[in-house]
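Chains as they are written, first to last, in my numbering: chain R, 1 to 303; chain U, 304 to 611.
Some clues are possibly wrong.
[Stated by the list, open to error] Only part of the chain R face toward chain U is listed, based on derived beta-carbon distances under 7 Å:
no., residue
1, A31
2, C67
3, V141
4, L143
[What the hints assert, rightly or not] Which stretches of chain R does chain U cover? Using the computed rule of at least three CB atoms under 8 Å from a CB of chain U, they are:
no., segment
5, 148 to 156
6, 239 to 246
7, 269 to 279
[Claimed, not checked] Calculated Cβ distances over 10 Å to all of chain R for the following chain U residues:
no., residue
8, F324
9, D349
10, Y371
11, N452
12, R511
13, S561
14, R572
15, Y590
16, S600
These aren't lab readings, by the way, just hints derived from the structure by calculation.
Where is the CB? At the ideal position from N, CA and C, for every residue including glycine.
Next come the chains, spelled out residue by residue.
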Amino acid sequence: MTDLIQATSPAPEAGAGPRRRSRSLTGEAMAQLGRSPLVWIALAILVVLAAMAIAPGLFTKVDPQRCILLNSRKPPAYGSWFGFDIQGCDVFARTVHGARASLSVALLATIGSTLIGGVLGLVAGFKGGAIDAVISRVTDVVLGLPTLLGAIVILATLGSSGNGVLRLALVLSVLGWATEARLMRASVLQTREADYVHAARAAGASSIRIALRHVLPNSVAPLLVLATLSLGGYVGTEATLSYLGLGLQPPVVSWGTAISDAQPYLASAPHMLLFPSLVLTVTVLALVLLGEAVRRAFDPRSR
Amino acid sequence: MTGYILRRLLQFIPVFLGTTFVVFFLAWGMPGDPLAGKCGDRECPDAFVAAATEEFKLDRPLIVRYGYYLADLGRGDLGRSFTGRDVSEQLVAAFPATVRLALLAVLIEVLLGVTIGVVAALRPGKAFDTTTMMVGLGIIAFPSFVIANLAQLVFGVRLGWFPVTVSDPTSFAELLLPAIVLALAHQVTLSRLTRSAVIETMQSDYIRTARAKGLGEARIVAVHALRNSLIPAVTYVGKDIGGLLAGAVVVEGVFNISGVGGLIVQSIRSHDGITIVGAVTVVVVAYLFINLLVDLSYAVLDPRIRYD
């Protein structure tokens with residue numbers, strides 16, 4: 001069966017035309033990324049946001065928890081760029097300090113779902129047989145459940161206890177790994193039949209060694225691309241869940257909680273909602289642009 | 304084809320069991336007290352714990368309880384909320400609004416997505432293509448609840464073009480703005496898919512033949528190209544209904560629509576766990592059935608795909 005496919009598919013050289021083969025696939029992808037101005041803009045935005053998350057003190061000296069009710073709902077003015085929210089807290093300070101919680105959830109959820117999906121996909125693709133069948137069916141089922149609905153059920157059931165950021169990241173990882181697993185499995189299935197894997201097997205390498213040293217490094221690229229893309233999605237999901245009252249809860253400061261607090265006063269004090277939303281949108285946009293660029297750079301067909 | 308339909312129906316059984324088990328497990332099987340959050344903000348009283356242990360058979364193994372849950376689901380019994388209202392009755396009352404909203408949103412999504420996709424494909428890389436792509440990225444980056452709130456503020460409150468909230472029972476006119484908001488983000492992927500499919504089709508031999516015959520460009524696009532480009536679009540719309548239903552939770556919450564999504568949002572606010580689980584179960588089961596119907600419709604719609 002595989003021989004038939006290999007025999008009928010055109011040889012890779014045909015139609016490819018002259019191409020410089022001086023760089024590796026990764027090197028070429030990186031070079032392509034470096035040439036795009038959008039990538040640099042997105043990276044610059046993300047560096048600023050990361051600095052906000054790590055050291056919010058660099059951006060504002062105002063304490064986000066020090067709120068003066070007298071200032072409630074005051075519009076933007078000199079000294080308070082983004083105005084004040086309903087409790088009289090500085091919106092700019094809260095937006096800056098909210099970066100840490102919002103970005104932590106997205107980063108942890110991405111790491112969690114990539115790890116779960118990556119391991120399951122690797123095992124399913126490498127082992128095949130009954131293990132593959134079981135993992136693939138479970139993947140289908142989890143994939144069929146919209147993340148938002150699943151998260152609503154878990155979070156509504158768990159009640160609000162424990163560390164909000166960790167709990168939310170864990171819930172999103174448990175629900176979000178299926179796409180990763182499916183992608184990783186497909187990628188491993190391709191790599192598994194490569195000549196160097198057969199060579200390693202013939203040389204007597206153990207299964208675990210082949211899986212970790214030969215198959216994993218050569219099949220992990222699509223997974224990392226997907227991880228970049230899903231970061232932006234998780235920032236949005238955190239905000240949506242916090243907005244519904246299920247994600248992060250006050251006193252944790254995050255963009256989602258800020259937007260959620262501001263929603264009832266949208267008509268009279270739109271600045272309370274506008275500024276955190278704007279920062280959230282710019283973040284997601286930067287992540288999506290970066291993810292798209294990375295995906296295109298690593299996809300040989302789009303060259 | 305009959306064989307395909309039968310096989311697809313058989314495949315549906317394990318997926319249905321698996322998905323309902325996941326929802327059941329998320330609600331009742333996670334580590335921790337399964338009754339936490341089921342009584343609103345306060346601790347459950349002892350009498351409730353005793354009654355709930357009896358009613359939900361909490362002293363039995365998880366798999367046995369899943370059996371009871373399935374049996375209850377089959378009878379349409381989704382339990383009672385902690386205020387004593389029957390969850391199924393609430394859902395039956397809420398369903399028409401959600402169905403209307405979803406239908407309208409799918410209609411708008413297809414109209415917008417296919418039109419934008421086709422127009423962008425005719426001149427790829429030109430102004431319209433680039434503009435719609437940038438606007439699309441912007442729409443995706445905006446969380447839907449922000450778009451919903453802004454649309455409500457601008458078009459509902461300030462300009463007064465649309466009603467701000469929706470009455471019960473709803474009319475299609477009132478649901479127009481919420482449906483547009485719901486369709487906006489989903490339309491982006493659809494238009495990109497349609498665009499690449501049309502670009503590919505326009506390069507095929509039979510389009511060249513049609514040109515050689517001297518047919519007008521409009522007829523070539525509308526009759527020859529579009530029809531064969533729509534298959535990925537139909538697939539996407541079918542698979543996307545789950546995301547649309549999840550998005551409806553947020554949109555119904557913002558516009559105060561008393562549909563299933565609005566019911567979920569209200570139940571979250573009143574910490575009514577049993578209603579949430581019931582409503583999500585019904586949405587997920589509805590989504591599974593819609594996917595089944597979409598898959599089955601291929602066997603009828605697309606003669607090029609053989610199912611044997």
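Okay, the hints, checked on the actual structure:
Interface hint at A31 of chain R: violated, since its Cβ lies 23 Å from the closest Cβ of chain U, which is beyond the 7 Å cut-off. Given hint, C67 of chain R at the interface with chain U, is violated; its Cβ is 23 Å from that chain's nearest Cβ, farther than 7 Å. Checking V141 of chain R against chain U by beta carbon gives a least distance of about 4 Å; that is within 7 Å, so the hint holds. Contact between L143 of chain R and chain U, as hinted, is not supported at the beta carbon level, the nearest pair being about 10 Å apart and thus beyond 7 Å.
Counting residues of the segment 148 to 156 of chain R whose CB lies closer than 8 Å to any CB of chain U gives 7, so the stated coverage by that chain holds, three being the minimum. Using a Cβ-Cβ cut-off of 8 Å, 6 residues of the segment 239 to 246 of chain R lie near chain U, which meets the minimum of three, so the contact claim holds. Using a Cβ-Cβ cut-off of 8 Å, 3 residues of the segment 269 to 279 of chain R lie near chain U, which meets the minimum of three, so the contact claim holds. Non-interface call for F324 of chain U relative to chain R: violated, since the shortest CB-CB distance, roughly 8 Å, does not exceed 10 Å.
Every CB of chain R lies more than 10 Å from the CB of D349 of chain U, the least distance being 18 Å, so the non-interface label holds. Every CB of chain R lies more than 10 Å from the CB of Y371 of chain U, the least distance being 18 Å, so the non-interface label holds. Not every C-beta of chain R lies more than 10 Å from that of N452 of chain U, the closest at about 5 Å, which undercuts listing it as non-interface. With a least CB separation of 20 Å from chain R, R511 of chain U remains clear of the 10 Å interface cut-off, as annotated.
The claim that S561 of chain U lies off the interface holds: its Cβ sits roughly 17 Å from the closest Cβ of chain R, which is beyond the 10 Å cut-off. For R572 of chain U, the condition that its CB be more than 10 Å from all CB atoms of chain R is violated, with the nearest at approximately 6 Å. In this structure Y590 of chain U is not separated from chain R by more than 10 Å, as the shortest Cβ-Cβ distance comes to only about 7 Å. S600 of chain U, annotated as away from the interface, keeps every beta carbon of chain R farther than 10 Å; the closest lies near 18 Å.
Comparing the model with each numbered hint stated earlier shows that hints 1, 2, 4, 8, 11, 14 and 15 do not hold.
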